[in-house]
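Heads up: the protein sequence lines correspond to chains A and B, in order.
For the first sequence, this note's numbering assigns the number 1 to the initial residue and increments by one for each residue that follows.
For the second sequence, this note's numbering assigns the number 1 to the initial residue and increments by one for each residue that follows.
A few chain B residues that face chain A, going by a derived Cβ cut-off under 7 Å, partial list only: (1) V349; (2) A356; (3) T397; (4) V407.
One-sided and incomplete, this derived list gives chain A residues near chain B with beta-carbon spacing under 10 Å: (5) E256; (6) S257; (7) A261.
Worth flagging that the hints you see were computed from the coordinates, not collected in a lab.
Idealized CB from N, CA, C, for every residue including glycine.
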Amino acid sequence: MSTWPPPAAPDPDRPGSRGISRRALVLGSLGAATVSGIAVIYASRSSGGATSAPPSSIVTTPATTPATPPPPPTTTSPPMTPTTTPATTPATTTPTATAASTDGRVLVVLQLAGGNDALNTLVPLTGAYHDARPVIGLDDSTLVALPGTTAYGLHPSLGPLGPILAAGNLGIAAGIGFEHPNRSHFASLDMWWAGNPDGTTGSGWLGRWLDATAGPDDALLRAAGLGGNVPALRADVSSSVAIAEIEQFSLTSAGESDALAAAWASLTPAHAAARAATQQIADLAALLPPTADTDGDVTRRLRIAAALIATEPDARVIHVAVSGFDTHANQLDTHAALLADVARGIAEFQTAITASGNATRTMLVTTSEFGRRIEDNGSAGTDHGKAGVQLVVGAGVRALDSGVVFGTLDPADPIDGDLRPVIDPRSLYATALDWLGGGLAAELTDQVLGGGFERLPFVIPTRG
Amino acid sequence: MVDASTTEQLIVRLHRRLGFGLRSGELTGASAEPAEHAAALLDAPADDSDAWGDEDYTVEPGADIGGRRRLGLLAIGRWIDHMAATDAPCADRLAWTWHGHFVSAFPEAKNPQFMVDQMRLFRSLGRGSFTALLRAVTVDPAMLLYLDGNDSTGTAPNENYSREVLELFTLGGGQYTEDDIAAGASALSGWRIARGSGTASFVARRHDDTPRTYLGTTGVHDVDTVVAAIAAHGAMPVFIARMLAREIVGPAVADDVVERCASAFVESDFDLDVLLRELVDEVLAGADGGSIVTAPVPWYAAALRITGAAPAWREVLPHLQAAGQVPWLPPNVSGWPSGGAWTNASTLVGCCNIAALVAAATPDDAAVLSAVDARELAIAMCVPGGWSATTEAALATVTTRRERLAVALVAPEFTTS
Numbered sequence: 001m002s003t004w005p006p007p008a009a010p011d012p013d014r015p016g017s018r019g020i021s022r023r024a025l026v027l028g029s030l031g032a033a034t035v036s037g038i039a040v041i042y043a044s045r046s047s048g049g050a051t052s053a054p055p056s057s058i059v060t061t062p063a064t065t066p067a068t069p070p071p072p073p074t075t076t077s078p079p080m081t082p083t084t085t086p087a088t089t090p091a092t093t094t095p096t097a098t099a100a101s102t103d104g105r106v107l108v109v110l111q112l113a114g115g116n117d118a119l120n121t122l123v124p125l126t127g128a129y130h131d132a133r134p135v136i137g138l139d140d141s142t143l144v145a146l147p148g149t150t151a152y153g154l155h156p157s158l159g160p161l162g163p164i165l166a167a168g169n170l171g172i173a174a175g176i177g178f179e180h181p182n183r184s185h186f187a188s189l190d191m192w193w194a195g196n197p198d199g200t201t202g203s204g205w206l207g208r209w210l211d212a213t214a215g216p217d218d219a220l221l222r223a224a225g226l227g228g229n230v231p232a233l234r235a236d237v238s239s240s241v242a243i244a245e246i247e248q249f250s251l252t253s254a255g256e257s258d259a260l261a262a263a264w265a266s267l268t269p270a271h272a273a274a275r276a277a278t279q280q281i282a283d284l285a286a287l288l289p290p291t292a293d294t295d296g297d298v299t300r301r302l303r304i305a306a307a308l309i310a311t312e313p314d315a316r317v318i319h320v321a322v323s324g325f326d327t328h329a330n331q332l333d334t335h336a337a338l339l340a341d342v343a344r345g346i347a348e349f350q351t352a353i354t355a356s357g358n359a360t361r362t363m364l365v366t367t368s369e370f371g372r373r374i375e376d377n378g379s380a381g382t383d384h385g386k387a388g389v390q391l392v393v394g395a396g397v398r399a400l401d402s403g404v405v406f407g408t409l410d411p412a413d414p415i416d417g418d419l420r421p422v423i424d425p426r427s428l429y430a431t432a433l434d435w436l437g438g439g440l441a442a443e444l445t446d447q448v449l450g451g452g453f454e455r456l457p458f459v460i461p462t463r464g
Numbered sequence: 001m002v003d004a005s006t007t008e009q010l011i012v013r014l015h016r017r018l019g020f021g022l023r024s025g026e027l028t029g030a031s032a033e034p035a036e037h038a039a040a041l042l043d044a045p046a047d048d049s050d051a052w053g054d055e056d057y058t059v060e061p062g063a064d065i066g067g068r069r070r071l072g073l074l075a076i077g078r079w080i081d082h083m084a085a086t087d088a089p090c091a092d093r094l095a096w097t098w099h100g101h102f103v104s105a106f107p108e109a110k111n112p113q114f115m116v117d118q119m120r121l122f123r124s125l126g127r128g129s130f131t132a133l134l135r136a137v138t139v140d141p142a143m144l145l146y147l148d149g150n151d152s153t154g155t156a157p158n159e160n161y162s163r164e165v166l167e168l169f170t171l172g173g174g175q176y177t178e179d180d181i182a183a184g185a186s187a188l189s190g191w192r193i194a195r196g197s198g199t200a201s202f203v204a205r206r207h208d209d210t211p212r213t214y215l216g217t218t219g220v221h222d223v224d225t226v227v228a229a230i231a232a233h234g235a236m237p238v239f240i241a242r243m244l245a246r247e248i249v250g251p252a253v254a255d256d257v258v259e260r261c262a263s264a265f266v267e268s269d270f271d272l273d274v275l276l277r278e279l280v281d282e283v284l285a286g287a288d289g290g291s292i293v294t295a296p297v298p299w300y301a302a303a304l305r306i307t308g309a310a311p312a313w314r315e316v317l318p319h320l321q322a323a324g325q326v327p328w329l330p331p332n333v334s335g336w337p338s339g340g341a342w343t344n345a346s347t348l349v350g351c352c353n354i355a356a357l358v359a360a361a362t363p364d365d366a367a368v369l370s371a372v373d374a375r376e377l378a379i380a381m382c383v384p385g386g387w388s389a390t391t392e393a394a395l396a397t398v399t400t401r402r403e404r405l406a407v408a409l410v411a412p413e414f415t416t417s
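This is chain A alone, in the form it adopts within the complex (with noise of 0.2 Å):
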């Protein structure tokens, strides 16, 4: 049984919003490694092969050849066209996984949504990106420094993900997006949910998944969807448990009598099922340190993940839902402070779960609709945009090895004024999913998604 770490003693340094801290942090000790070998899922169409970094105004250091060779720079297949042969796919695959195969893993898919603005999270250290960007945009100095590169940096509320990049286990997907995406948010959470470019599947990418690997006594908390219930967790067969606050999810807490609990339990399968779910989170709940105010909503709900994942073995998928990332007015406080809650809930949910001893068998990735406009919008803000950028977090990552960042966000690169996209969704739910699925299950990632994608190259699936 694990107990909860301590939070971290305050930082006062640490950057709240902008203007607080010009501090930047350097990773110095891991050198500068070379992203032009960068390998893109879509050709680019202003240049008809693969998208390169973009230029960097500030790089003085010739870029050094990696530890590894980066992957081709591009993909023989046509730009969005599924590839037959998923470059992952190993010498021998069980032809239907079971719920066995899955090796213990849970994935956590932290949703950002409103459509988290990539070029402020991930910021190309660019000309481009300042002329873009008069009032909005980022000064370099105040960027966290990526191992590996010098193109980008990232959003100074990102701090507390250093140590996590600097061992290599944060690899960030960059241009992402659908191939015909939409600035709407709810076409766009569609086809996010879906896993298709269509967003019609009446199914989720995680409810498919779950589908695919369901045995007959799955274990109630096996899908969790914690902040609410979610499209994406949307499957046939198997259930999942939607938990919008835990505080109140209990049946007894406000002195209700068991027979009270048992006989609302008895009058149907979806009430018996939240009683059970109710007394499994109870045990879970006394793990948590006490709230405080100043606690956001990713650094609240990935403890919760992060006790689930202690105390429930079988747990496989848990959908963390936040919002407020439609930054249309005002962003530069409100980014600040939704980023800065990113970063600290996952350096805590990665030490908890080291703690507990379930980092090899966890995985985090984030989504969101869509990247927001490259140029900011006079109120402050940003419109609905194309690609966006999303982070995969774990020990399973070898991103020192593959470079940090895979894709490109290129703003002299526009398409209608947004960020290109580059790469397919599906690539990160495929990368995903192969990993949960143990690294035997690259037919069943295929199946799940309808086809095989390239597979982003910070995870080797066979690797724990």
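Once you have looked at the hints, place chain B on chain A.
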């Protein structure tokens, strides 16, 4: 499970969809004619006062967030209390529907009075001219704050409202282009809440008056021409008719019902009262779009109405949040989900906890407590078909009448109509 095949079930359905359910005794005591129940709901004399009366809910910009939140939550609680108590529930039921359609949220609007004013707009125009409603909500202070019209200028138009008004509020996806969104944002620029006054006003120097083509209409340059262009778009009547039809007739409403009602809506020059009455007439004539699991807020109002309970709002609120629905706090600009979404674990647990609070706060002499057995309880709760065997067994396992009521309030026979 529940269908409208019996007259009594149809009456219950009308009261749930045009109001907040029945009071004890109203099903057996009043008319047995569904059309008379419908007429009583549609034609009830307006309330002397709405939920908020003469009280001022204004919070000045920059006020302490705790005080603002307390005042806002107080105003929300008063609305639900009014839903439960009013003799003319249709106005608030429609205001609730429009609030879930033309979505604004309290955290962005900040001033509770702006949300009160928007609910009043829905109460007064929710059965009037749709174009008048659309124009009013487009420049409504809470909406200007929620979807950023307040920050939109001619030199830097903000697209947030311009997109959602077409996608979510009037036409639906696929009916417009990105150029339409940009043109709409420019035409709607310049509306701003005047500092101190609390009302929206048009500031010409913040507006781009360039005539543009919008939804195929040329010369669109301001709020009136935007509203006229939307009203002239062929997709609007069916979109609005379908939204209301799902609420009144049911989620699986037949296309021909929607189309008939949309035609009447067009012929009336977009009179929402005509549309509403057409939809009710379809229900009375047998149109059945299936049962609806009552969403947490109207379910809670119905629970208060049937029991006469008055639980402490501060105790109910966290459970309503857990259930996933609090007025003025929608999850996003598309409002609350519908249908099966209300059977997830969090919602069920939240509603069970609320049921316990309602049962504990129900007056001793209420019919729902004095009922001697499950059959009488079904009558007291206006459940016309009686309980299923499963529910009856559940009711039999608890020992007190308040616990029995707490079970009955979340039983499918009460939550669904």
